[in-house]
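Trainee: Chains as they are written, first to last, in the numbering used here: chain A, 1 to 110; chain B, 111 to 226.
Derived from the structure by calculation, the hints contain no laboratory data. Treat the hints with caution; some may be incorrect.
[Unchecked claim] Subject to a maximum C-alpha distance of 20 Å in a straight line, what follows is the list of computed EDC-like cross-link-like pairs (lysine to aspartate or glutamate): (1) Lys58(A) to Glu214(B); (2) Lys121(B) to Glu214(B); (3) Lys212(B) to Asp49(A); (4) Lys37(A) to Asp128(B).
Everything numeric in this text was worked out from a predicted model, so none of it was measured.
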Amino acid sequence: GENVEQHPSTLSVQEGDSAVIKCTYSDSASNYFPWYKQELGKRPQLIIDIRSNVGEKKDQRIAVTLNKTAKHFSLHITETQPEDSAVYFCAASPGYKLSFGAGTTVTVRA
Amino acid sequence: GAGVSQSPSNKVTEKGKDVELRCDPISGHTALYWYRQSLGQGLEFLIYFQGNSAPDKSGLPSDRFSAERTGGSVSTLTIQRTQQEDSAVYLCASSAGGRQGKEELFFGEGSRLTVL
């Protein structure tokens with residue numbers, strides 16, 4: 001099955017700086033890569049996703065990049081704000097079964 | 111309802127007891143998932159229901175775990191003879207089901223299970 005590894009496990013950034021989270025996957029058949037954000041005590045929510053037919057996608061301050069050859073994808077958050085503090089999960093799927101990374105706890109320091 | 115609803119939100123039980131966790135998906139969503147989230151871990155896939163198809167139970171960790179979905183809507187996850195390692199947050203998610211999983215999952219707030 002698919003195995004997703006996520007780094008780093010924790011990330012502390014100064015407000016206004018950028019944050020980057022990286023994930024690798026094992027199954028070359030995976031073609032859907034979503035990112036979920038989970039605020040403390042809340043449910044995970046989709047923030048952005050990318051499919052294998054594109055290499056990059058942006059939505060305001062967040063962007064995802066995908067390198068299918070190397071089997072890795074990344075989340076970039078620019079101009080971080082306190083409300084970006086949360087746990088972020090990457091995931092990969094060749095079909096309906098999403099495999100999640102272990103999560104990155106992002107703390108934005110004021 | 112407005113979103114995925116799960117109950118109970120918290121459950122404390124003694125080792126060896128059975129527990130049932132309930133999930134009420136978004137109306138009209140044909141796909142339903144159960145995931146388990148242990149402290150400091152990612153979301154571990156447990157089981158997937160899609161419409162009237164046979165469920166994918168490949169993620170269930172042991173035969174003490176079972177799940178059903180009645181009438182294509184409400185789902186119940188049952189854990190028999192609970193063990194301490196079953197302590198986790200059990201998350202249910204639903205999706206519209208039209209894109210074979212490549213679509214947004216809407217999660218419930220989870221059921222936190224503590225086995226003493």
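Trainee: Quick one: which hint numbers does this structure break? Sort them smallest to largest.
Mentor: The structure breaks hints 2 and 4; every other hint is satisfied.
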